[in-house]
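Mind docking chain C with the ligands on chain H? Use the hints.
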Amino acid sequence: METIEVILEGLPTLLRGMGVTIEITVISLILAMFIGLILGVFSITKSKILRGFSMAFVDIIRGTPLLVQILFIYFGLPSVIDIDLTAFSAGVIAITVNAAAYLVEIFRAGINSIDKGQMEAGRTIGFSYAQTMRLIILPQAIKRMIPAIVNQFIVSIKDTSLLSAIGLAELTLSGQSIYAANYRAFEILFAVGVLYFVIIYSLSLFARWLERRLDVA
Amino acid sequence: MKMIEVQNLKKSFGKLEVLKDINIDVQSQEVVCVIGPSGSGKSTLLRCMNLLEEPTGGDILIEGDNLTAPKININELRQRMGMVFQQFNLFPHMTVMENITLGPKKLKGKTKSEANELGTQLLDKVGLVDKAEVYPDNLSGGQKQRVAIARALAMEPHIMLFDEPTSALDPEMVGEVLQVMKDLAEEGMMMIIVTHEMGFAKEVADRVIFMDEGFIVEQGTPDELFNHSQNERTQVFLSKVL
Ligand SMILES: Nc1ncnc2c1ncn2[C@@H]1O[C@H](COP(=O)(O)OP(=O)(O)OP(=O)(O)O)[C@@H](O)[C@H]1O
Ligand SMILES: [Mg+2]
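Chains H and C, in that order, are what the protein sequence lines are. Under our numbering, think of the first position of the first sequence as 1, with each following residue one higher. Under our numbering, think of the first position of the second sequence as 1001, with each following residue one higher.
The following block holds chain H by itself, in its conformation from the complex (with noise of 0.2 Å):
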C-alpha cells in the first residue's frame, strides 16, 4: 500500500482518538485553572492553612511523575476505595489534579506580580479583598499570565498521551492500535504526530491573538 494510502484508511480512527485527546484535554483544563485559581489565591492569603494546603498540593504533584499518577489513579485507587472509574475519568482526574498544581504557581506568580498599591487603592474605595482580587487584580494579573498559562496547557495536550498506559483510546493509543495490525508504524505515526500539531498550532495562534486582542484594551 501507498503511504498515503495507509494513512488515509487509518485517518477515522486517528480523528476518533483526537477527538478524544481533544476533549478530555478541554475538560481537564477547564477544571484545572478554577482549582489553579482557587488554590493560587489560597497561596497568597494570611492563613497559615490554606497557604500549607495549597504548597503541600503544589509539591506533591510536582514531586511525583506524572504516569505514575495517572496508574495509581486508575489502577491503585479502586483497589483500596469503592470507586469505579473508567479510563476516560481517570485521565481527566489525572490531568486536572497535574496541571491545576502547575497552574497554581503560574497564578501566584502572576498575582504577586501586581504592584501591592492596586490592591490597596482598591481596598480604600472600599471594596473587599475578593472584589478587588476580581475588578483590579485577576484582570491585571491574568493578561500577563497568558503566555504561561497556555504554554501549561500545551504541555497538558502533550501529557495527555500518557493516558495510553490505562487504554484510553485517544489519539496515540489510537495510532499504536493501528500500527500493531498494519505494521505501518512510521506512517501512522507520522500521522499521530501532524494531528497533535494542529492542536497545538491553533492553540498557539489562537492564544497570539487574544493577546494582541488584550493588549488593544
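FYI, nobody ran anything at the bench for these hints, they're computed from the structure. It is possible that part of the hints are untrue.
Said to hold, decoys possible - Mimicking DSS-like on lysine-lysine, the simulated pairs with C-alpha atoms at most 27 Å apart in a straight line are:
id, chain 1, residue 1, chain 2, residue 2
1, C, K1110, C, K1131
2, C, K1020, H, K46
3, C, K1110, H, K46
4, C, K1071, H, K46
5, H, K116, C, K1002
6, C, K1071, H, K116
7, C, K1010, C, K1105
8, H, K143, C, K1112
9, C, K1131, C, K1105
Please read these numbers as outputs of a predicted model, since none were measured by experiment.
Just chain C with the ligands now, kept in the frame of chain H:
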C-alpha cells in the same frame, strides 16, 4: 464635631515600634498637615486610620465608629474616607472614567449614566474632562494624581487622607495638584495630609503636626509651629527643610 479620634495608638512591625502612643482629634472641616523626617511614622499613622495597617494598640474612632472593634464593617467605613497615595495607584487596565466610576457603580449602586455624570463633574473639578477616555499610562504624573483625587472623591467621602501626594511629581506639576487640594480645603473637606510642602502647609493647614520617631512632638497652627516653636527637635527639622 469630632471626625477622627486617635487614642493611645501604637504600631509595631515585629520588634520595630513605629508609632508610640499617638493621640489626635480632628474636627470636621479641619485641614491637618503632618510633617516630620523620613521614617518617623507619618505614613504608618495615615495607613492605620483606614486599617491598611492594623494597630498594635489603642483606638481609632472614625465619626464615632471604633476601627478596631471586632464587628466593624471596614469596607463600608473605608467608603467614608478617601485616600490618595504618593504613587497614584490608578488602575492601568481602565480608562480615567472607569477608574473614577468603578466604586460608585459597584459599591453605591449607581447606573452607568449616573456614574459617568458624576465622573464628568469630578473631572471638571480637577481640570481633566478631556482625558476621560484616556488610559493612565498616557497621563503625566500631575494628571494621574488629579485623577486619583477625583477617584477618591467619587465615593463622596467625609474625610480625605493624602500620603505625600506630590512627592513623586516633577516640580512643575506639583502646583496643579496642590491647587486641587486647596480647592477641596476651601469647600470644607476634612483632610489629613502628609507632606513635605511646607509652603502649602503654611498656607492651607488649620493645624500642623510634627512627628518624630513615632511620637507627635508638637502640634499647632502653622504660625505657632513654623514661627514660634519652642521645641528643639522641631526647630532642627524646620531648619533643614525651610
Ligand atoms: N510594612 C512594614 N514592615 C516593616 N517595617 C515597616 C513597614 N512599613 C513601615 N515600616 C518602617 O516603619 C518606619 C516608619 O515608616 P513610615 O513609612 O511610616 O515613615 P514615614 O514617616 O512615612 O517616612 P517617609 O517620609 O520616608 O515616607 C520606618 O522605619 C519603616 O522602615
Ligand atoms: Mg511615608
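>> Need the status of pair C/K1071, H/K46: alpha-carbon distance at most 27 Å?
In response: holds (19 Å)
> Between C/K1010 and C/K1105, does the CA-CA distance stay at or below 27 Å?
Replying inline: The given pair, whose Cα atoms are some 36 Å apart, is violated under the 27 Å limit.
>> Can you confirm whether the C-alpha distance between C/K1071 and H/K116 stays at or below 27 Å?
In response: holds (26 Å)
>> For a C-alpha distance cap of 27 Å, please report whether C/K1110 and H/K46 respect it.
In response: violated (33 Å)
> Given the hint that H/K143 pairs with C/K1112, does the C-alpha gap stay at or below 27 Å?
Replying inline: Judged against 27 Å, a Cα distance of about 25 Å means the pair holds.
> Does the alpha-carbon distance linking C/K1020 and H/K46 stay inside the 27 Å limit?
Replying inline: With Cα atoms ~26 Å apart, C/K1020 and H/K46 stay inside 27 Å; holds.
>> Hinted pair, alpha-carbon criterion (27 Å max): C/K1110, C/K1131. Please report holds or violated.
In response: holds (22 Å)
> When you check the alpha-carbon spacing of H/K116 and C/K1002, does it fall within 27 Å?
Replying inline: violated (32 Å)
> Would the pair C/K1131 and C/K1105 pass a check requiring their Cα atoms to be no farther apart than 27 Å?
Replying inline: holds (20 Å)
Comparing the model with each earlier hint shows violations of hints 3, 5 and 7; every other hint is respected.
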